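Go ahead and model the full structure; you've got the sequences and the hints to work with.
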Amino acid sequence: DEPMIYNKRAKIVSKIKGGDDAIWHTWPWMVALSTNPSQGWSCAGVLVNEDTILTAAHCLLNRTANEIKAIIGVHTILGKLNPLNYYSIKSIYRHPDFENCCKNDLAVIKLKKRVLYGPKINSVCLPFPQEFTVDNDQNLINRTGVIIGWGETSQNALTNFIRSFTLQQADVLIFNNEYCNRAYEKIFDPATEICAGDYEQRTDTMSGDSGGPLLIRQSDGRWFVLGITSYGSAITPNLSPGVYVKLSAYEKWLEPYLKSN
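Residue numbers (UniProt numbering): 1 to 261.
Don't read these hints as lab results, they were simulated from the structure.
Here the structure is a predicted model, which is why all the values come from computation and not from measurement.
Every residue, glycine too, gets a C-beta built ideally from N, C-alpha and C.
Warning: the hint list may mix true and false statements.
Using 30 Å as the maximum straight-line C-alpha spacing, the simulated DSS-like pairs for lysine-lysine come out as follows [to be verified]:
| no. | residue 1 | residue 2 |
| --- | --- | --- |
| 1 | 69 | 252 |
| 2 | 110 | 186 |
| 3 | 90 | 80 |
| 4 | 259 | 103 |
| 5 | 80 | 112 |
| 6 | 112 | 252 |
| 7 | 103 | 69 |
| 8 | 259 | 69 |
| 9 | 80 | 110 |
| 10 | 110 | 252 |
| 11 | 252 | 113 |
| 12 | 259 | 110 |
| 13 | 90 | 103 |
| 14 | 90 | 120 |
| 15 | 110 | 120 |
| 16 | 103 | 80 |
| 17 | 69 | 113 |
| 18 | 69 | 110 |
| 19 | 69 | 80 |
| 20 | 90 | 112 |
| 21 | 259 | 90 |
| 22 | 113 | 90 |
| 23 | 186 | 252 |
| 24 | 112 | 69 |
| 25 | 120 | 259 |
Here are the computed distance ranges between Cβ atoms for each label pair [stated by the list, open to error]:
| no. | residue 1 | residue 2 | range |
| --- | --- | --- | --- |
| 26 | 220 | 256 | 36 to 44 Å |
| 27 | 78 | 128 | 32 to 40 Å |
| 28 | 181 | 112 | 36 to 44 Å |
| 29 | 141 | 66 | 26 to 34 Å |
| 30 | 182 | 259 | 35 to 43 Å |
| 31 | 62 | 142 | 36 to 44 Å |
What follows is the structure in structure tokens.
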């Protein structure tokens, strides 16, 4: 039987399990996507140029551009945020072959206006051959990546979750395809997906971290986004790795959207 899986959606409660508070504004490309300002964020995204965000396609199901705001340049999502941190969406583009669970779970968001780069807002590099020096997937195995997101950090008996509104970060290992295939038989696609976590599964992304980045640092010091948080196990979320859309597999599809307005 195929394993039960879930898209990492906010309604299931978001968390980075085993994570730590991120250093203030260490990750200036992190984006929160909000459909209701009074309820905080619903998914995450990552800024890849002045007016382009990548996220998971399932985050945008049944949503129009007018219903979503991008929150950029914040470290803590709590209380009243500066209106200048809210950006209106011009258009959204889900991958044409997206399947709700869970193939081609990638989408592009274009902003109505460009962000202004500074200490709190910047874009991350994309893992395409002209810049990214890791030349094949084999070289990524057991490399350490970083996952970031807002949300639940631990559990208690009363509420079953403790929410953190401060950006979290955690280190993860990038697993080989055989390990990922065992975890997600018949579902995991090594051509278009990466899975990561740790062998004791103390760290992972879940739920509202959907659409957020799996990051890796290159030897020249630059940060690259390897993947976009997509799905995990519904039955054993603490024992199974997280699965991420492999961005290097989508270079051709992304190319026309990466041109800044």
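Any of the earlier hints contradicted here, and which numbers?
Hints 2, 16, 26 and 29 not satisfied by this model.
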